[in-house]
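2 protein chains.
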Amino acid sequence: MAKELKDLTKRADNYSQWYNDLVIKADLAEQSAVRGCMVIKPYGYAIWEKMQHHLDMMFKETGVQNAYFPLLIPKSFLSREADHVKGFAKECAVVTHYRLKTDPNGTGVIVDPEARLEEELIIRPTSETIIWNTYRNWINSYRDLPLLVNQWANVFRWEMRTRMFLRTAEFLWQEGHTAHATSEEAQAKAIEMLNVYADFAEKYMALPVVKGVKTANERFAGALETYTIEAMMQDGKALQSGTSHFLGQNFAKAFDVKFINKENQLDYVWATSWGVSTRLMGALIMTHSDDNGLVLPPKLAPIQVVIIPIYKNEEQLKVVDAKVQPIVDNLKKLGISVKYDNADNKRPGFKFADYELKGVPVRLVMGARDIENNTVEVMRRDTLEKETVSLDGIEDTVVNLLNDIQQGIYNKALKHREECTYTVDTWEDFKAQIEKGGFVLAHWDGTTETEEKIKEETKATIRCIPMDSKPEEGKCIYTGKPSHRRVIFARNY
Amino acid sequence: MAKELKDLTKRADNYSQWYNDLVIKADLAEQSAVRGCMVIKPYGYAIWEKMQHHLDMMFKETGVQNAYFPLLIPKSFLSREADHVKGFAKECAVVTHYRLKTDPNGTGVIVDPEARLEEELIIRPTSETIIWNTYRNWINSYRDLPLLVNQWANVFRWEMRTRMFLRTAEFLWQEGHTAHATSEEAQAKAIEMLNVYADFAEKYMALPVVKGVKTANERFAGALETYTIEAMMQDGKALQSGTSHFLGQNFAKAFDVKFINKENQLDYVWATSWGVSTRLMGALIMTHSDDNGLVLPPKLAPIQVVIIPIYKNEEQLKVVDAKVQPIVDNLKKLGISVKYDNADNKRPGFKFADYELKGVPVRLVMGARDIENNTVEVMRRDTLEKETVSLDGIEDTVVNLLNDIQQGIYNKALKHREECTYTVDTWEDFKAQIEKGGFVLAHWDGTTETEEKIKEETKATIRCIPMDSKPEEGKCIYTGKPSHRRVIFARNY
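Just so you know, the sequences run in chain order A and B.
Position 335 of the first sequence, counting from 1, maps to 336 under the working numbering, and the rest follow consecutively.
Position 53 of the second sequence, counting from 1, maps to 54 under the working numbering, and the rest follow consecutively.
Since the hints were derived computationally from the structure, they do not count as laboratory data.
Remember, predicted model here, so these are calculated numbers, not experimental data.
Any given hint might turn out to be false.
If several chains are the same, the list does not tell them apart, and a pair holds so long as it fits within one copy or across any two.
[As the list claims (entries may be wrong)] Below, computed lysine-lysine pairings styled on DSS-like, alpha-carbon distance capped at 25 Å: (1) 87 - 347; (2) 456 - 334; (3) 91 - 102; (4) 300 - 51; (5) 51 - 61; (6) 61 - 300; (7) 313 - 26; (8) 238 - 387; (9) 263 - 387; (10) 102 - 87; (11) 456 - 352; (12) 333 - 471; (13) 352 - 319; (14) 26 - 212; (15) 352 - 61; (16) 437 - 387; (17) 204 - 352; (18) 91 - 333; (19) 416 - 437; (20) 471 - 313.
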């Protein structure tokens, strides 16, 4: 492991390789035998479980309930909503048969040609179609609304270029699907859930995000409006971290979901959908980590505190063990996840490097001199600062330090984003800045044509029209046509 | 809903129809548009979530960590273990293509023939193959063992005859996959996890189970030994509720997973796997519920206590509201899930029937006279007994009642199983008893041939060789050959 750490590529040398190395070396995930699909290893999954836990509680506080819908979707369902099928048809995994049989000419198994499905089934790339087909029977009257349902599930999109967590063929996510009596209520719900995502990102992941609206060109396939949270990675590229969609009546019309409103009229139901995925793991890793390994926000760290003894012999270890045990007990009582690593088959230096690589926020080291002095050495992972402190009130010290780290890495990421956000008014400056990285606030004429040309020439996309941006008259950096508001351009993951 | 309740088939009239009705009417699940796949509705899913929560904690207490492996398995992996492929090939959903395209002759989409996979992918029916292929890179030495990993996932088996929760093409489950340095350790782990399942069933589901060993014929495809927990439903049929397998070195050999043992020798790794699924929902429903609807064990009930006000006017309701609020607050502080239903668009009688149908364990009803007398009417769902009690110490009353119900329904189910377990020594008695139902303890000669003939003639299978059964000399009820132990025969779900 010490050797593995040495092999970790430096961010300055190759940021992309650093990320790939880190995912592997910190035991978060690895490629599987199936193209584009990853194995999420126990340490990575433990972080994802913590994300799920907090998100799920936040959803439930808004009145959302969980449910589960089928993995497979009849092919014909996809075609019902024209934009939706256009968006997903090219990346669908298709089930055509339901049986294998022994290969008569060999030793293995072959697909049984007699077990061909009448209608092919698609592995869900997202579940709007199967869910709205189900909602038809659940909704009759305004009294059945709103319907606020979420599912935690795996989905599949046959991506050509994949990267662990950031873009994989199969990924884990949650998808919320709500049904409403009015357009206003549905739009408000889409924004409410975007705010939940932003709160989660900021409070738990220590990830500052920009809330905004996607351009027509970047909307979810089948949505009237897509809201997004955009984060900036350390290399200045953007990462779309969660989206919430106002779907209008598109899916209700496609699946004939009508209700009797308060005025006793039949109308189509209004919809939202919203999702975040294991992609958030990629955002988490890329935002905070450094050349020594992961840096995890304390609120999501599987191990928040590690305690390592330094000793020369069995007798010394026993003394340290006895001193450490009550600290472990007290920290656990405070709900802190703590590991006392007194395993004797690894040297302290190896342990130090390993827990740094794994991003454990706080490390305590206790040796013979500490016992004498009633002290302990405390290291915080984010800054790598060490300090020897008194054991009196060590629990408070640790709690305060965990809070400091949570806030500190958020502040650092926010500062980085602010420093790497530029306001640009000419095409030359725009191109130069995009090449250097960061978020570029610029005027745009509002057309898809211009958006696509800018992308072709600079690889920059419009990440969003920020929700908190102020009206400002200006000229499109590309066409010089009038614009009333700046949008955020960036290269992105 | 009151109407719906009236339509619930009675158990005595048609037990099977009663079950199907109940799943629908209590809003637990429904059939989807995809053959054999169900939609788990929010109320049903809330019960499953509680099961997951407790099981997951119990697994983690034994040192198990969660991870996630791919949904899709290369077809060739299945063939590697001969028995395994025999067991699952006939029910595999097969992915053959990765893209759809617009139908040139129509309006929909068709499978793009140019996007055919070189090797077909199977939707996992279980994950031994993909997991052991992964373990090859995780395990080098005895120091890497044991490896204790679980995943919560969806799996797919193309079943011809499906029933909601009991047997569906797609189902949700957990599958644990452990790797060990010795046969003894792996066998002990398989039994340890069976004990976890039995404890969960008894303590949380209030479901008494018989722990036992499966016959060779009923073993998991690829296992050397399958352990099972078997429960008895109200109609006397058995329901296999969880299994744990000792896999020997079969999968290690199939996927070449070797390790250096303490003696510095290369050896194949020893394996277990174990799983429970949404089938447990079926067991839960069929064990405790009655002609009025669900009966849920308090520990798994999404709503443990419902409080319903009786009032003539707005003014009276306000008085009741004020009286109820502190009770609600106090119960919540005790960790009890409580719902105060003072909605005025439904009559009390409707609410009573609805919460009975949904199996809410405790109902409190408070009216004007109760306010005068400082009392409340308490009903327990399991026995439907009502009692008017003092509001003083009502929280204790409720807590005690929840405990009583949890224990009471377990005792009732255990008594039923004991009363419906028969010891039989002749073939005539055996056939007659199997026809009447229940568990039949009988001697068997130990051969698969006899087991299969008995099944053909009576539809009874050997559920297990109970772990706590005592050696007893006797003669096989079918062949008269010598037998040293009784086994449990029953018809089953």
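Comparing the hints with the structure gives:
1. 87 - 347: So residue 87 and residue 347 fail the 25 Å test inside a copy (55 Å) and across (45 Å) alike.
2. 456 - 334: neither (53 Å within a copy, 56 Å between copies)
3. 91 - 102: Answer is between; shortest inter-copy Cα gap is 7 Å, intra-copy 29 Å.
4. 300 - 51: Classified as both: same-chain Cα gap 8 Å, cross-chain 23 Å, threshold 25 Å.
5. 51 - 61: both (16 Å within a copy, 14 Å between copies)
6. 61 - 300: both (19 Å within a copy, 20 Å between copies)
7. 313 - 26: For residue 313 and residue 26, the Cα distance exceeds 25 Å both inside one copy (30 Å) and across copies (68 Å).
8. 238 - 387: neither (32 Å within a copy, 65 Å between copies)
9. 263 - 387: Cα proximity of residue 263 and residue 387: none, with 65 Å in one copy and 39 Å across.
10. 102 - 87: For residue 102 and residue 87, only the inter-copy Cα distance (9 Å) is at most 25 Å; the intra-copy one is 35 Å.
11. 456 - 352: Intra 46 Å, inter 59 Å, cutoff 25 Å: neither.
12. 333 - 471: neither (47 Å within a copy, 45 Å between copies)
13. 352 - 319: within (19 Å within a copy, 63 Å between copies)
14. 26 - 212: Cα proximity of residue 26 and residue 212: none, with 33 Å in one copy and 42 Å across.
15. 352 - 61: Answer is between; shortest inter-copy Cα gap is 24 Å, intra-copy 39 Å.
16. 437 - 387: Answer is neither; intra-copy 35 Å and inter-copy 75 Å both fail.
17. 204 - 352: Neither: 29 Å inside a copy, 40 Å across copies.
18. 91 - 333: Intra 50 Å, inter 50 Å, cutoff 25 Å: neither.
19. 416 - 437: within (18 Å within a copy, 75 Å between copies)
20. 471 - 313: neither (64 Å within a copy, 55 Å between copies)
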